[in-house]
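> The chain contents come next:
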Amino acid sequence: MPETPDEAALALEFDVLAKRAGLAIPEDRKAALFAGFKDLRRMLATMRQPRTAADEPAGTFSIQSVTRGL
Amino acid sequence: MMAARLDVADLSLVDAADAVRKGEVSAVSLLEACLANLDSHEEAVNATIWVDKEAAFAAARAADAKRAAGGPIGPLHGLPLAHKDMYYQAGRLSSCGSVIRRDFVPDYSATVIERLSAAGAYAFAGLNMAEFAQNGTGHNRHHGDCHNPWNLPYITGGSSSGSGAAVAARFTFAALGSDTGGSIRLPAAANGVSGIKPTQTRVSRYGVMPLSFSADNVGPLARTARDCARIMSVIAGHDPRDPTSAEMPVPDYEAGLTGDLRGIRIGMPSTYFLDEVDAPVRAAIEAAASVLAGRGATIVPLTLPLMDAVATYASVVSRVEGATIHAEWMRQRPQDFATHINGRMFPGYAIPATYYVEALSRRGPILKAFAKEVFSQVDLLVTPTIRTCLPTLAATDIDNGPPGTEQVALGISTNTRPFNYLGLPSMSIPCGFDPNGLPIGLQISGRPFAEAAVLQAADAYQRDTDWHARRPEIAAV
Chain P
1 MPETPDEAAL
11 ALEFDVLAKR
21 AGLAIPEDRK
31 AALFAGFKDL
41 RRMLATMRQP
51 RTAADEPAGT
61 FSIQSVTRGL
Chain L
1 MMAARLDVAD
11 LSLVDAADAV
21 RKGEVSAVSL
31 LEACLANLDS
41 HEEAVNATIW
51 VDKEAAFAAA
61 RAADAKRAAG
71 GPIGPLHGLP
81 LAHKDMYYQA
91 GRLSSCGSVI
101 RRDFVPDYSA
111 TVIERLSAAG
121 AYAFAGLNMA
131 EFAQNGTGHN
141 RHHGDCHNPW
151 NLPYITGGSS
161 SGSGAAVAAR
171 FTFAALGSDT
181 GGSIRLPAAA
191 NGVSGIKPTQ
201 TRVSRYGVMP
211 LSFSADNVGP
221 LARTARDCAR
231 IMSVIAGHDP
241 RDPTSAEMPV
251 PDYEAGLTGD
261 LRGIRIGMPS
271 TYFLDEVDAP
281 VRAAIEAAAS
291 VLAGRGATIV
301 PLTLPLMDAV
311 ATYASVVSRV
321 EGATIHAEWM
331 RQRPQDFATH
341 INGRMFPGYA
351 IPATYYVEAL
361 SRRGPILKAF
371 AKEVFSQVDL
381 LVTPTIRTCL
391 PTLAATDIDN
401 GPPGTEQVAL
411 GISTNTRPFN
421 YLGLPSMSIP
431 CGFDPNGLPI
441 GLQISGRPFA
451 EAAVLQAADA
461 YQRDTDWHAR
471 RPEIAAV
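Protein sequence lines correspond, in order, to chains P and L. 64 is the number that the working numbering gives to position 64 of the first sequence; each next residue is one higher, with no gaps. 213 is the number that the working numbering gives to position 213 of the second sequence; each next residue is one higher, with no gaps.
Think about it this way: if two alpha-carbon atoms lie no more than 20 Å apart in a straight line, the pair counts; the simulated DMTMM-like pairs of lysine to aspartate or glutamate are: (1) L:Lys372 x P:Asp55; (2) P:Lys19 x L:Glu328; (3) P:Lys38 x L:Asp399; (4) P:Lys38 x L:Asp308; (5) L:Lys368 x P:Glu56.
Covered, in the sense of this in silico footprint (three residues per stretch, anywhere, with C-beta under 8 Å from a C-beta of chain P), are these stretches of chain L: (6) 309-321; (7) 340-352; (8) 355-367.
Label pairs and their computed distance ranges (CB to CB): (9) P:Ser65 x L:Pro301: 26 to 34 Å; (10) P:Ala9 x L:Glu473: 50 to 58 Å; (11) L:Gly404 x P:Glu13: 22 to 30 Å; (12) P:Ser62 x L:Ala255: 22 to 30 Å; (13) P:Glu13 x L:Gln335: 20 to 28 Å; (14) P:Ala45 x L:Cys389: 30 to 38 Å.
For the record, the hints were derived by calculation from the structure and aren't laboratory data. We treat Cβ as the ideally placed atom computed from N, Cα and C, and that holds for glycine.
Based on the provided sequences and hints, a complete structural model is requested.
Listed below in structure tokens is the structure:
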């Protein structure tokens with residue numbers, strides 16, 4: 001997932017994902033949605049980071065518990 | 001341009017409430033003043049979706065009768081308010097800015113509406129907003145775009161567009177907005193009013209249209225920080241009907257407004273929040289820091305950690321959750337959303353579950369790291385709410401603009417969205433005007449549940465400046 005594939009592969013992926021989500025994307029909106037999808041793929045490519053001890057389940061977000069730790 | 005005239009709608013919420021309590025002004029006269037401004041300027045501003053004048057006058061007359069009878073009155077007694085049209089009120093329209101919910105009339109009321117009512121206020125209008133609270137500009141295909149009262153071709157910010165515009169235009173003394181990525185702070189900044197996004201879980205979300213389970217917040221927009229403090233004291237606190245709401249005690253926010261910032265350390269981030277900032281915005285923020293320093297605060301230059309990761313994770317979480325909530329409508333009636341709303345939600349279906357879980361699982365460690373590194377050095381952060389001078393509605397119209405328009409529109413929330421992912425309290429107050437006569441916002445953010453400190457700094461700033469008291473001269477259409 002992180003690496004961004006070429007345009008044709010992205011278009012295929014876009015169609016598959018829409019079908020899997022049960023979406024029938026209107027033809028006149030396809031270009032706009034595809035542009036957003038490509039931005040998303042670029043963004044997702046930056047997401048993976050090394051996991052550390054801080055990422056164990058005990059680190060799950062709870063704003064009240066974080067407050068107590070300050 | 002400033003207006004010379006004064007009317008009772010120019011009073012701050014606190015001053016109006018105090019005037020009613022003392023019998024110096026009637027609830028009916030407050031309502032009449034708000035409606036006079038609405039009748040004069042609504043065609044130009046388009047801040048409302050519905051207005052119920054008949055019920056409003058009945059509520060105002062009842063408030064005056066109760067005060068005359070010597071009955072107990074609350075801290076918002078007799079105040080006419082209007083809210084973003086996504087706060088459920090039993091038996092009243094709640095369109096959520098959409099065509100899909102054009103006729104939606106809930107049979108129950110939001111906890112925040114009930115709390116405001118118990119404090120003596122009443123709602124007389126549903127305010128314009130981005131469709132399902134999903135853009136930061138104020139565009140709305142179904143109900144018409146909301147226009148900035150300071151300069152009509154320009155954006156109001158969103159998604160609580162009508163809330164910001166209506167408070168600035170003196171249609172109401174305050175309004176509830178909601179904030180998932182900046183939707184209270186952006187319209188507060190763009191319209192020259194004050195607005196606070198509380199700590200995640202500080203205010204109940206029961207009876208409020210959801211957009212993102214993890215990032216939605218309820219909060220007020222009003223003329224002053226003190227106004228926001230009064231409303232926060234009314235609406236904050238645990239709600240058994242919203243199990244996600246925090247069980248922490250609610251301080252008397254107004255009592256903490258001393259004007260004294262001695263001993264307070266305020267961080268000015270040198271990275272991220274000031275990247276590519278427009279010169280008039282930078283100048284206004286630096287001048288604001290000087291005012292805060294004049295009240296005794298120490299200004300500390302700061303480099304913030306993790307900001308790019310925060311921005312990415314925030315986007316992943318809100319897109320997936322928004323797509324989930326709207327899935328059935330996206331499948332069955334996609335044409336009933338504006339194209340840019342379709343475009344915002346579709347990526348939510350394209351994000352693998354593992355990425356969503358990763359974005360959520362990083363939230364705790366990132367908040368801990370951020371809090372440890374930043375709040376060991378400072379008590380508050382000040383940044384621009386919006387990095388740029390405000391763009392026009394035309395320049396940010398994703399559905400009709402040229403390629404690249406989306407990036408301009410999305411860039412509006414670059415400085416606000418991180419605080420939703422982190423869950424921190426964050427407020428915008430006016431701190432100047434750009435060359436087009438449009439307001440500039442100062443964003444003040446603090447530790448979890450440090451709304452009192454945020455409000456205190458905002459109030460201290462407003463004691464030495466008058467940006468918040470200025471009134472737009474609204475052009476006729």
